[in-house]
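Bring the two chains, given one by one in their own frames, into a single complex with the hints.
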Amino acid sequence: MGAELIKLFELIVSASLVNNFVFTWFLGLCIFFGVSKKMETAIGMSITFTAVMVISAAISWLVFRFVMVPLGIEFLMIIVFIGVVAGLVQGSDTIMRKVSPGLYYKLGIYLALISTNCIILAVPLMNVGNKYSFIESIAFALGSGLGFSLAMIIMASIREKIELADIPVPFRGLPMAFIIAGMIALAFTGFSGLITL
Amino acid sequence: MERSRDQNRLIVSTSPHIRSEETTQHIVWSVNLALLPAALMGIYFFGPMAAAIIAVSITTAVLCEYGYQKALKKRVTIDDGSAVLTGLLFGLTLPPSVPLYIPFVGSFVAIVLAKQLFGGLGFNIFNPALIGRAFVQISFPKLMTVWLEPTAAFVFIDAKTTATPLGILKEEGLQKLLEHSGTYLNLYTNMLFGHRPGSLGETSVVALLMGAAFLLYRRYISWHIPVSFLSTAGLLAWVFGGSEGLFTGDPVLHLLSGGIILSAFFMATDYVTSPSIRKGQIIFGIGCGFLTMLIRLKGGYPEGVMFAILLMNCFSPLIDRSFRSNVFGAAERKGLLK
Chain L
-18 MGAELIKLFE LIVSASLVNN FVFTWFLGLC IFFGVSKKME TAIGMSITFT
32 AVMVISAAIS WLVFRFVMVP LGIEFLMIIV FIGVVAGLVQ GSDTIMRKVS
82 PGLYYKLGIY LALISTNCII LAVPLMNVGN KYSFIESIAF ALGSGLGFSL
132 AMIIMASIRE KIELADIPVP FRGLPMAFII AGMIALAFTG FSGLITL
Chain B
16 MERSRDQNRL IVSTSPHIRS EETTQHIVWS VNLALLPAAL MGIYFFGPMA
66 AAIIAVSITT AVLCEYGYQK ALKKRVTIDD GSAVLTGLLF GLTLPPSVPL
116 YIPFVGSFVA IVLAKQLFGG LGFNIFNPAL IGRAFVQISF PKLMTVWLEP
166 TAAFVFIDAK TTATPLGILK EEGLQKLLEH SGTYLNLYTN MLFGHRPGSL
216 GETSVVALLM GAAFLLYRRY ISWHIPVSFL STAGLLAWVF GGSEGLFTGD
266 PVLHLLSGGI ILSAFFMATD YVTSPSIRKG QIIFGIGCGF LTMLIRLKGG
316 YPEGVMFAIL LMNCFSPLID RSFRSNVFGA AERKGLLK
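Protein chains in written order, with my numbering: chain L, -18 to 178; chain B, 16 to 353.
Each hint should be verified, as a subset may be incorrect.
[As the list claims (entries may be wrong)] In silico EDC-like cross-links for lysine to aspartate or glutamate, where the CA-CA straight-line distance does not exceed 20 Å:
hint, chain 1, residue 1, chain 2, residue 2
1, B, 313, L, -9
2, B, 85, L, -9
3, B, 89, L, 147
None of these hints come from the bench; they were simulated from the model. This one's a predicted model, so the numbers in the text were calculated from it and none came from an experiment.
Isolated chain B, as found in the complex (with noise of 0.2 Å):
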């Protein structure tokens, strides 16, 4: 008895020693759920086509990620979840209007062409979701910029067309928005609600911040990223957006409007797409930052968001080699070029 009770106390096992729940099945399944209200805001703004797109998104998604793994006879994983991530995200960002072929080819190119042939899940080099939507903009670019006046009555309707508050911005100026929506705080509430035309999932900052709070406190994603794309986006807004010179830019509205709170807190916190050190993570976002303010303020595109993060995925491999540290004890390299 004595033997025994000393026997237990003492457990002798190989690494790792500190085990916890969260797999990254865990993890994959817990982004899908804060993005659940986004997506609930979308579909109660833009009606049942809204639900449809997401539908067929994920659908695609997932028969895809299973049709090529049982296809290459691979382990089959749509269990862990991360199909239906990209086929949600890839779902979020699609303007409400598009025909359900869109959410089909795109989901399509983001699972099989930007995930499975790297390999799969941890070895992308390019977020899917973003790859997918990017692939739809230039491939249908007519259909991908009709957007839909949120009606918030869940019936069959003919919805108004209309522009994007960026793409008023853009086109015709400050003072068209301000129009549209009567004063400063009825257009920065209807923003930050998300009663306003833009992609399904985007709109409701509200809502995605609720998603995003649940993820910082989980420490699933971590604040670099984010804070670093969004103040640097929010400065640059700040000093150049403005029609009357500098520093008179309004960042709040640029913050409010477009994919960017979307895409700073789930997709440029993909682990796997961006840097994983934390000087890099902070370099990451900043160019993203820098990068979407370029081209909204300055590019072809009224919304640089998407652009700007995958152009930051290329980087991402770069970022953490420059940080990569020293091998302890290897001599360094002599010579012309490292």
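Bound conformation, chain L alone (with noise of 0.2 Å):
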């Protein structure tokens, strides 16, 4: 039980700071850069995208082993995996509009932009590719959702605190997010080898 559990540990951190998603996969930058200009939404972004993922690598470790390995499909992951995130999102999004309008209005508009994202896509097809176990599996999504949200939270308030400053105007918005994303990427260098799984 203890091996387990530290081997569940190591997941998370391995998902969240070794292996964080942003800055050594450079995946998820379309939502990475376009919602970290505002802490606000940011931290929105963060606590959908972590629900979104576990649930959408639950249910898609599901349909993996339940149902495309009997049916002997399991060539047919991405687009299957693709479906059950859409699918998730838009269910949520419309159970969400109907039953709490108030937190629809908070969160639901970052729903939409997940269902496109890489990293909801990443996660399932890594669960798969490594042979994760259920529990494995969510612990993975779990760390990856946290690692993109400290990445998006980190962001935001670099941004906010650079809003002011005099950089040159080419270089202003996007362009500077992305040195940005660049050196903390070199930092979070640093964790290398922190964990080999």
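This is the structure we're talking about:
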């Protein structure tokens, strides 16, 4: 049991820091740059993203294990997972709007963006590729979500700080955000070799 | 006569009312001065090449700042000493055997990418010298890990290459390190004075502490970051650093080796890239110490100080934000997300 728990903890740390999706895999950059202008949107996106990530990874795992493997259609993995994520996002969008309009106006706007995010697709695919168990898949998804949230919150705090800085005009906005992301990635290389799974 | 004396008694002016000599310029040049002993010790131990590396690094930094500000038609601010400081700090973090294009490339990255693009002094998020250092570390990993045995002879000879104490500690353990220098006392003394392989300016702990004492005495740096940084690192080294279980590590060895003294006093305390609130500074220092020891003990690199400070630089806007005082009279915002 102890070893199991340590494995799960290592998975979470690895997915969130050592192999952070934004800073080492360079995935999910569209949302990362899109919503990190303001802290408020970054936090909203973080909560929504992590929740969707965990749920979709769990459903994808179940679908793969109990539908696709028995039918022998593993090669349709990519398209099925896209379908699962899109269906999940659309479903929760509709339910949220009816059940809790307040929450919908706070977080619902991010849902449409999430369905096209590459990390949301990468995590179920990697779960299959690494042959993770159900619990491990959820831990990996949670770590990825937390890592992405961390990246967005750091980025938002930095971008809010440099709002008034005298940056050369061609570099204002997105170009500077790319340079900052590169520098954070440089700092994150320090984590390399920390956990080898 | 009577009247004019009365007039002199009351001087009406706008704020600021308290003036002192301590301009940014004055402070930055003082830090440069405080680093001088360490630089001289580096040159003493590693010979003329060390002087050449530091010279190239400083010259490139100043020229890049001058060129950038001229090209963008800004006010040229090389006389405030901050470009010299970046160049000097960067030069001091280099191994003594690097070819001279490495200080050139690193200084360029430090000044142009990490400092000027953000809007110059006061706006950079990351410590420029450390960004330069990390950049060359990733770009030239082979060259950046060749360490020389100190000669203290000031002649051009083919110095012996060797591993740093931290490298030996990581790969082969404490016993091997002791074989090198005999007794513990010998080992500690060598490390204290800087007679050990390592980066140019990081080896001589005594010289660095002299500079740091000067800065602390003049109150140009406060104790909060260095003390929380070093005590966290020391504590973790003692608890987890040993090979025979908990509480058997050697904190002194960890604090004397690597760039931790140089970084804790001269890089982590950078006003611009560290939190400005005291509580935040202590958290910043603890974070630096924790990440340094995490990378040293568990990570892939033998030395983690550079990455630790860069990582905490990422967090310092967030730390400052969370300790932001409430604006008096402003109503608290309501809703799910504050």
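### Query
Going through the earlier hints one by one, which of them does the structure break, listed in rising order?
2
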